[in-house]
Amino acid sequence: MYDSESMWREVDAYFAGELVPEDEALVLARESGPRTTMPKAEVAPNQGKLLALLCQMSGAKRVLEFGTLAGYSTVWLARAVGADGQVTTLELEEQNAAIARANLERAGVADRVEVRVGSAADSARRLIEDATEPYGFVFIDADKPSNPTYLKAALELTHPGSVIVIDNVVRNGAVVDADSSDARVQGVRTVLADIARDERLEATALQTVGAKGWDGFTLIRRTR
Numbered sequence: 001m002y003d004s005e006s007m008w009r010e011v012d013a014y015f016a017g018e019l020v021p022e023d024e025a026l027v028l029a030r031e032s033g034p035r036t037t038m039p040k041a042e043v044a045p046n047q048g049k050l051l052a053l054l055c056q057m058s059g060a061k062r063v064l065e066f067g068t069l070a071g072y073s074t075v076w077l078a079r080a081v082g083a084d085g086q087v088t089t090l091e092l093e094e095q096n097a098a099i100a101r102a103n104l105e106r107a108g109v110a111d112r113v114e115v116r117v118g119s120a121a122d123s124a125r126r127l128i129e130d131a132t133e134p135y136g137f138v139f140i141d142a143d144k145p146s147n148p149t150y151l152k153a154a155l156e157l158t159h160p161g162s163v164i165v166i167d168n169v170v171r172n173g174a175v176v177d178a179d180s181s182d183a184r185v186q187g188v189r190t191v192l193a194d195i196a197r198d199e200r201l202e203a204t205a206l207q208t209v210g211a212k213g214w215d216g217f218t219l220i221r222r223t224r
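In this note's numbering, the protein residues as written are 1 to 224.
Some hints here could point you the wrong way.
Distance condition first, Cα-Cα at most 35 Å in a straight line; then the derived DSBU-like pairs of lysine-lysine [stated by the list, open to error]:
no. : residue 1 : residue 2
1   : 152       : 40
2   : 49        : 61
3   : 61        : 152
4   : 49        : 152
5   : 61        : 40
Hint data in this document are derived by calculation from the structure and do not stem from the laboratory. Given the structure is predicted, the values throughout are model-derived calculations rather than measurements.
Start from the sequences and build out the full structure, keeping to the hints where you can.
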């Protein structure tokens with residue numbers, strides 16, 4: 001994970017304290033992160049609330065998430081879609097999925113979330129083959145080298161008006177290095193180029209600083 005300046009963390013804590021109260025279920029989900037295969041990789045509370053707001057603003061009732069870990073962002077998204085909504089979340093490791101299921105149960109949203117275990121690319125392919133009902137909101141936050149694959153799958157599983165968010169696109173500034181040997185950086189650069197070439201998509205990217213360090217996300221709207 002990236003270093004985070006103390007002032008960045010203080011500002012995030014202030015914003016979260018004022019605007020993003022976490023109940024016990026969210027706190028415990030966040031605190032269970034160290035027991036996953038990627039400790040402290042979950043989104044910050046104010047970022048979780050942003051995902052929930054974007055989901056609600058877009059009117060999405062069906063959400064697809066690439067990357068579950070402890071299910072912290074999953075809880076936010078499941079609450080955003082409401083009791084009549086559905087979240088499908090794709091997780092590689094059963095260890096993480098088990099932690100996420102317990103957190104989802106504690107949060108009272110397990111009945112509206114399907115946790116699929118295995119390669120996210122393979123799980124998405126099965127959703128496509130099964131002609132799954134399209135999703136209105138997609139959050140891509142899994143292994144970064146596979147971002148282009150995940151975007152391609154997301155476009156097979158969404159409809160005009162759907163919103164897609166890709167996390168961790170700044171990589172502490174390394175995204176500007178076209179010659180980077182880091183496969184995660186190249187995964188981000190490739191997916192951004194794919195978005196730019198796709199006439200169905202409108203997008204922007206924002207860099208952020210805060211409790212999760214210097215990073216950012218890409219926000220995409222599918223127009224047709």
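Hints, verified against the model:
no.: 1; hint: 152 <-> 40; verdict: 28 Å, holds
no.: 2; hint: 49 <-> 61; verdict: 16 Å, holds
no.: 3; hint: 61 <-> 152; verdict: 21 Å, holds
no.: 4; hint: 49 <-> 152; verdict: 26 Å, holds
no.: 5; hint: 61 <-> 40; verdict: 28 Å, holds
Of the hints listed earlier, there is not a single one the structure fails to meet.
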